[in-house]
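Each protein sequence line maps, in turn, to chains L, F, W and B. The first sequence stops at residue 155 when you use numbering that gives the first Met the number 0, and every number in between is there. The second sequence stops at residue 155 when you use numbering that gives the first Met the number 0, and every number in between is there. The third sequence stops at residue 155 when you use numbering that gives the first Met the number 0, and every number in between is there. The fourth sequence stops at residue 155 when you use numbering that gives the first Met the number 0, and every number in between is there.
In short, the hints are calculated from the structure, not lab data. Note that this is a predicted model, so its numbers are computed, not measured. Just so you know, not all the hints are guaranteed correct.
It does not matter which identical chain is meant; a pair holds if it fits inside one copy or across any two.
Okay, derived cross-link-like pairs now, BS3-like style, lysine-lysine, Cα gap no bigger than 27 Å in a straight line [said to hold, decoys possible]: (1) Lys70 <-> Lys91; (2) Lys70 <-> Lys5; (3) Lys91 <-> Lys112; (4) Lys112 <-> Lys5; (5) Lys5 <-> Lys91; (6) Lys70 <-> Lys112.
Number of protein chains: 4
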Amino acid sequence: MEPETKPRFVTTRRVEFIDTDMAGIVHFTNFFRYMEQAEAEFFRTYGHTLASTSEGTGMGWPRVAASASFKAPAYHNDVLDVRIFVRRRGFKSLTLQFEFHRGETLIATGQIKTAYCRFRPGQPIQSLEIPPEFNAMLGPYDAALDKELQRSESEN
Amino acid sequence: MEPETKPRFVTTRRVEFIDTDMAGIVHFTNFFRYMEQAEAEFFRTYGHTLASTSEGTGMGWPRVAASASFKAPAYHNDVLDVRIFVRRRGFKSLTLQFEFHRGETLIATGQIKTAYCRFRPGQPIQSLEIPPEFNAMLGPYDAALDKELQRSESEN
Amino acid sequence: MEPETKPRFVTTRRVEFIDTDMAGIVHFTNFFRYMEQAEAEFFRTYGHTLASTSEGTGMGWPRVAASASFKAPAYHNDVLDVRIFVRRRGFKSLTLQFEFHRGETLIATGQIKTAYCRFRPGQPIQSLEIPPEFNAMLGPYDAALDKELQRSESEN
Amino acid sequence: MEPETKPRFVTTRRVEFIDTDMAGIVHFTNFFRYMEQAEAEFFRTYGHTLASTSEGTGMGWPRVAASASFKAPAYHNDVLDVRIFVRRRGFKSLTLQFEFHRGETLIATGQIKTAYCRFRPGQPIQSLEIPPEFNAMLGPYDAALDKELQRSESEN
Chain L
0 MEPETKPRFV TTRRVEFIDT DMAGIVHFTN FFRYMEQAEA EFFRTYGHTL
50 ASTSEGTGMG WPRVAASASF KAPAYHNDVL DVRIFVRRRG FKSLTLQFEF
100 HRGETLIATG QIKTAYCRFR PGQPIQSLEI PPEFNAMLGP YDAALDKELQ
150 RSESEN
Chain F
0 MEPETKPRFV TTRRVEFIDT DMAGIVHFTN FFRYMEQAEA EFFRTYGHTL
50 ASTSEGTGMG WPRVAASASF KAPAYHNDVL DVRIFVRRRG FKSLTLQFEF
100 HRGETLIATG QIKTAYCRFR PGQPIQSLEI PPEFNAMLGP YDAALDKELQ
150 RSESEN
Chain W
0 MEPETKPRFV TTRRVEFIDT DMAGIVHFTN FFRYMEQAEA EFFRTYGHTL
50 ASTSEGTGMG WPRVAASASF KAPAYHNDVL DVRIFVRRRG FKSLTLQFEF
100 HRGETLIATG QIKTAYCRFR PGQPIQSLEI PPEFNAMLGP YDAALDKELQ
150 RSESEN
Chain B
0 MEPETKPRFV TTRRVEFIDT DMAGIVHFTN FFRYMEQAEA EFFRTYGHTL
50 ASTSEGTGMG WPRVAASASF KAPAYHNDVL DVRIFVRRRG FKSLTLQFEF
100 HRGETLIATG QIKTAYCRFR PGQPIQSLEI PPEFNAMLGP YDAALDKELQ
150 RSESEN
């Protein structure tokens with residue numbers, strides 16, 4: 000998959016009973032829940048949060064797109080390794096890539112594209128440039144972005 | 000259970016695949032989700048909503064308490080009858096009672112106690128008197144409240 | 000988007016209060032829940048189900064991949080039109096495409112790739128050919144599959 | 000609330016973004032999810048699990064009843080202390096009591112009554128006596144059960 004040398008954030012997630020369905024495996028929607036939780040841990044490790052509100056104005060990271068591929072079933076009580084990579088970083092949006100493993104077994108991969116936005120009562124959601132404090136967090140994870148990505152990045 | 004003559008609101012809910020767990024039955028938390036959805040349909044039938052926001056101020060019905068008893072398992076694709084009764088109506092709070100049946104089989108019963116409240120940014124949630132338009136909706140459902148309930152009601 | 004003449008299944012979904020998050024909009028994971036429910040309605044219209052069990056053996060449609068793009072926020076009480084198209088039909092897998100509209104506004108698009116499988120206790124999940132009764136349901140929706148898709152289909 | 004000397008199991012739960020609703024607080028259904036997860040951690044600490052399957056036969060703890068009272072709102076990123084007490088232990092059922100605190104603030108209390116059961120394909124769910132290994136886990140938490148409870152227990 001990804002070379003071990005690529006910078007990544009790593010956490011774990013235990014499959015809860017409620018995450019299973021009558022087929023005995025994790026219902027696929029939960030992987031999107033797991034991705035968001037892992038992302039939140041990544042942010043929190045650097046002192047940031049996915050969403051905050053102050054005086055009625057909210058700042059957050061609504062999703063532009065999300066996808067996942069399911070490679071092998073996950074079961075109740077599985078402890079999944081979750082790895083996060085910075086796939087693409089633009090001025091206003093961020094694409095994170097996720098990999099779930101149970102031991103050596105690849106369970107699922109996924110991506111979330113998200114944009115930094117402001118929420119104000121009675122106004123449309125407004126997309127903003129990603130602030131420096133988030134870029135400081137994300138920068139070290141750019142190292143392994145391949146040349147092609149960096150080129151498209153510079154044109155963003 | 001409840002005599003047929005007692006005023007009640009009736010709707011149905013189909014059990015979705017995602018609502019099941021690895022034991023092959025509906026995960027108990029979904030009954031609370033079903034209760035809220037039935038309550039929302041009850042409100043909507045009378046032109047009301049469980050939650051609204053305007054200029055940053057929200058009006059809604061946060062929950063004070065919720066309970067349920069599970070009598071028989073429900074399965075994927077079951078279509079449950081959901082009956083709502085007004086159990087108790089106070090100046091600021093409302094207790095609704097719920098019954099779930101699959102045909103003649105009682106599946107679950109539950110109660111939700113909820114309070115009418117205002118949400119303003121940066122301020123504590125404030126409990127308010129239930130407005131007349133909601134009381135107009137609820138009044139006809141009081142008919143069957145038993146004497147004891149009416150007495151405790153009047154002391155509220 | 001899609002030409003009106005393309006065969007599709009249409010249903011609706013109302014946004015429930017529980018589907019919202021503190022940003023005041025539908026949490027993105029719910030669109031995957033909505034897609035599965037619409038798919039289930041599509042199947043049910045033709046007398047089929049997404050999952051069944053008999054004597055401990057289950058038949059179902061576990062997901063191979065799922066994706067969505069979020070074009071505009073959806074809000075509490077929105078009634079979304081959900082359109083389903085058959086995007087690709089193979090011997091063992093099926094890709095459905097989804098579009099969510101609120102009136103004229105495109106809210107989200109998505110795809111789910113799913114495989115027909117058998118679940119037996121203590122055995123690996125086994126992928127099977129899609130049975131004739133499902134192909135009879137899906138066939139009429141193939142009409143608008145473009146030539147390129149049909150070619151790749153025939154090589155599947 | 001409960002005296003500090005009463006035996007209890009303690010864990011924590013962080014409020015995730017997905018757990019919030021448009022009112023900006025934790026949706027009440029999540030407290031039931033939190034209770035089950037805490038219960039699972041309690042069981043796991045002693046080497047047990049809430050649900051298992053083997054050769055198509057499942058053993059688990061379906062819920063007989065669940066209730067909660069909500070004392071103060073919880074918010075995104077709150078880290079809640081979750082305390083579990085054995086409220087009542089019968090031959091076939093177990094009632095656990097839960098308390099959620101954020102620092103000194105009591106957020107919610109709840110109870111789950113659950114029964115030890117066997118699930119076999121095509122057969123009704125069967126209630127069984129709680130096995131010795133679970134009673135060994137639960138026994139030390141009985142210490143503070145009051146006399147009245149112990150009496151009703153012995154009549155069970």
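Results of checking the hints against the structure:
no., hint, result
1, Lys70 <-> Lys91, "between (31 Å within a copy, 16 Å between copies)"
2, Lys70 <-> Lys5, "within (22 Å within a copy, 32 Å between copies)"
3, Lys91 <-> Lys112, "within (11 Å within a copy, 30 Å between copies)"
4, Lys112 <-> Lys5, "within (20 Å within a copy, 30 Å between copies)"
5, Lys5 <-> Lys91, "within (23 Å within a copy, 36 Å between copies)"
6, Lys70 <-> Lys112, "both (21 Å within a copy, 12 Å between copies)"
In summary, this structure violates none of the numbered hints.
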